[in-house]
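Please build the complete structure, drawing on both the sequences and the hints.
Protein chains in written order, with our numbering: chain Z, 1 to 223; chain H, 1001 to 1164; chain C, 2001 to 2410.
A couple of the hints might just be wrong.
Going by beta-carbon spacing under 10 Å, a handful of chain C positions derived as facing chain Z [what the hints assert, rightly or not]:
#, residue
1, His2010
2, Tyr2013
3, Ile2027
4, Val2034
5, Leu2075
6, Phe2076
7, Lys2080
8, Asn2111
9, Leu2128
10, Val2130
11, Gly2132
12, Ile2133
13, Thr2207
14, Thr2209
15, Arg2239
If you are wondering where the hints come from, they were derived from the structure by calculation, not from laboratory data. Ideal Cβ positions, reconstructed from N, Cα and C, are used throughout, including at glycine.
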Amino acid sequence: MSGNTAEKIFAWLEERLGLEAIYATVLDRKVPKVNWWFTLGSASLFLAVMQGLTGVFLTMYYVPSPDKAYDSIQYIMNGVAFGWLIRGIHHWGASLMVIVVFIHMLRTFFYGAYKYPREITWLTGVFLLLFTLGMGFTGYLLPWNQRAFWATTVGTEIVGTVPFIGDFLLKALRGGTDISAVTLARFFSAHIWILPAGVVLMISVHMYLIIRLGISNIPSDEE
Amino acid sequence: MTKKTSSPNLSRRDFSKIVMAFLGSIMGAIVGIPIIGYIISPALKTQTVDEWVSLGALDGYPIGTPKLFSFTRTKVNGWERTTNSFGVFVLRKSGGELKVLSNVCTHLSCRVKWSDEDSAYLCPCHDAQFAIDGEVIYGPPPHPMYEYEFKVEEGNILIHLTEG
Amino acid sequence: MNEEFKKKYHEKYLAAKQKGVKFWPDIIYKDLIVSFGLFLLLVGLAAFLGVAQEPKADPNDANYIPRPEWYFLFLFEFLKFIPGAIEWVGTAVIPGIGVLILLLLPFIDKNPYRNWKKRKIGVAVMSLIVIGIIGLTVRAVITTPEQEEVALAGSIAEQVIQGQDLYSFWCAECHQPEGEGGEIIGVEGIEDGTLVKSISSIDEMWTRTDETFYNIIDLGQQDLGMPPYGLGYGGELQRSEIEDIVTFMRYTWDERAEIPEDAIIGIPSLAEGEVPSYEVHISIVAKRYCVSCHRPGKENNEYLMQTYEEILTTGDNADKNVIAGDLESYIIVTLHRESIFDASGEEIIGPMPPSKDLKAEYIDMFERWVLAGMPETADEATALSEPIMEDAGDAAPASEPETGTEATPP
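Below, the structure is given as structure tokens:
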């Protein structure tokens, strides 16, 4: 009886959503047998999702202003229940993500998986690596502590050494000649809106291609 | 669709394409150009600085070793008044010669420190060293330390601060 | 890659797929295990290592050694090897080319083979780059000089405690332990008898904001004789340290601010017959009332009081300052506001503390401590204490905190 009801609900949904087709194309497909190194892509995705989740919750208390940023993070760490956990995961997740994404890139390189027909997958992957580093760079300033402030000073100064347009780039990055409230606000914006938008876009393409082309196989000696 | 590129009677489809491209570019330009301007605007409106800053009495500085003098100036960055700190090394030589050097490393703007032990200014970032009068001894900096223009009035040292 | 190769590739891939596994559940199962492992690692890192505390950004602190996040260290280190005149090659050209090659790799690398044995050059180059990156990172970590340590306070209670210590150390010499001010005696650079107004009064607390206090400490009030303490102005205090002092002042002296309970560190009062120890009693009194002057760099006959060792062994009169069981010890005599004279009748030590009596209770504490032979730890002191005869149940706990840090209206 209840089984019958569940079936009916499923059939109703199936008629409208086409779940079986999704299941068949996304999940129920044959792929070559591969080793553990091939788990790093999904691990990167997992970490990205964790970063997204913890990041969303951090913005609930974080205030991107030079007067308040530091204190708001102190509050997250000491005042809010489990704030230390959320921030801890976000903090370590960033480092872990750089490592995992980088090794994932190396795996793809050493197995020659970037070659035909997966050129575009590789291209989006490189963008994802760059975005990950960009997230790291912009996120680093947000706690507004000594380490953050001086690292960003030197980091933006490095951009300033680019010939001809360096000075302009430096000012555009900082939003003025110095690291100020304007810098913090635009780094925050880049960190939580602009770069994540790019990441989501690239992940979508990346995943679509993986499903369309299938995961690469481990190349045999004559391949 | 048959080839009708130069035909005077455009097909419905081609016409739609052209209209779409046209409207799209107009919207793109109207939204895109202001957005670029919006983003880089603070970089284009920077304040210029041109003033004489007093470093106090000349007699207050020791002869032979550089002494750091720090001062702050506020500057408008966007809506905010940012307080910037400046550090200058005042070096009085025994011959009465005077030098006022900026403590900003000419490599990547880290702040250098005077070390009596090495008798050099040391940069903590890329191990650069500058001699007492600002010349590069070691490391990657492309120029000697920046030297401020100065004058002595009624026993006080004044330096010329310019920026922007 | 020509069509024939493409066809061959597809055939091979199809064959591999035939022999392969199902994405669900086989592949996802592995992915899940790895992700779960990473999750555990993350929670573990967050729980056991946490996030290192850092002082608040201070653009004035030129002592801070700038370092980027660890994954950019290799680039940072790399710049050490690029002469400054062609800096842009190291900062823009080489990384730019690197990224470009990485992006366009599938289009540059025309070699149709995938197995590493058939593309040894590419694999070798990549391996070298990776080894280089790791090497540079390691080198950067090794060559980074140690950052100057700053004691950091997280919660308000910690800030108040930290601020109390800093206040006692830097400010109490002139402003007195409770901020009450008064006549200054024996402070280097300031004339004896100079009057300092109270900084803990209602007038002061209700009309000055935290920012005002901050600026006064940071910049000093040179016309009034107060030197700047901020790092940027020739002082020695970091931004966060000054903020701690301000927090301490606000929470301790402003009746409108309620001090967190765990921020009150009182000096435990003594029960009848109890012997004080350095650890529990003397160290706190000394920290609050003595070390402001009895520390290196001050005029104090070289007598330092920052540690147990120092109190017993330093100073020009080290043999007479503290003598076990002797109430003629200089430390006790001067606490009773008597001077010490040398053979020629010249005063060598004045009354202590110079400008004001120490509370009788604390003088008594010092006397009992000297009489008992200066026990260092609480255990030693307990062993020397007279056993309490009365019914212990009714006796007040010996270490009930004395409310020394609470607001004391002047």
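Inset, instruction - For the hint on Arg2239(C), just tell me whether its beta-carbon gets within less than 10 Å of chain Z. - result: Because about 9 Å separates Arg2239(C) from the closest Cβ in chain Z, which is inside the 10 Å limit, the hint holds.
Inset, instruction - May I ask you to test the interface hint for His2010(C) with respect to chain Z, counting a Cβ-Cβ separation under 10 Å as satisfied? - result: holds (9 Å)
Inset, instruction - With chain Z as the partner, please determine if Lys2080(C) meets the hint condition of a C-beta pair closer than 10 Å. - result: violated (13 Å)
Legend entry - Interface hint compliance - Thr2207(C) to chain Z, C-beta minimum distance less than 10 Å: Hint on Thr2207(C): violated, closest Cβ of chain Z at ~22 Å, above 10 Å.
Inset, instruction - Grab the minimum C-beta distance from Phe2076(C) to chain Z and call the hint holds if it beats 10 Å, violated otherwise. - result: holds (8 Å)
Inset, instruction - Go through the hint on Val2034(C) and say holds or violated, using the shortest Cβ distance to chain Z against 10 Å. - result: holds (4 Å)
Inset, instruction - Let me know if the C-beta of Tyr2013(C) comes in closer than 10 Å to any C-beta of chain Z, holds or violated. - result: holds (6 Å)
Legend entry - Hint status (Cβ of Ile2133(C) to nearest Cβ of chain Z, threshold 10 Å): holds (9 Å)
Inset, instruction - Have a go at the Leu2128(C) hint: is there a Cβ in chain Z nearer than 10 Å to its own Cβ? - result: Hint violated; Leu2128(C) Cβ to chain Z Cβ min 13 Å, cut 10 Å.
Inset, instruction - Let me know if the C-beta of Thr2209(C) comes in closer than 10 Å to any C-beta of chain Z, holds or violated. - result: This hint is violated: Thr2209(C) lies away from chain Z, its Cβ roughly 13 Å from the closest one there, beyond 10 Å.
Legend entry - Status of the Gly2132(C) interface restraint (C-beta, 10 Å, chain Z): violated (14 Å)
Legend entry - Leu2075(C) as chain Z interface residue, shortest Cβ-Cβ below 10 Å: At 8 Å from the nearest chain Z Cβ, Leu2075(C) passes the 10 Å test, so the hint holds.
When the structure is compared with the earlier hints, violations turn up for hints 7, 9, 11, 13, 14 and for no others.
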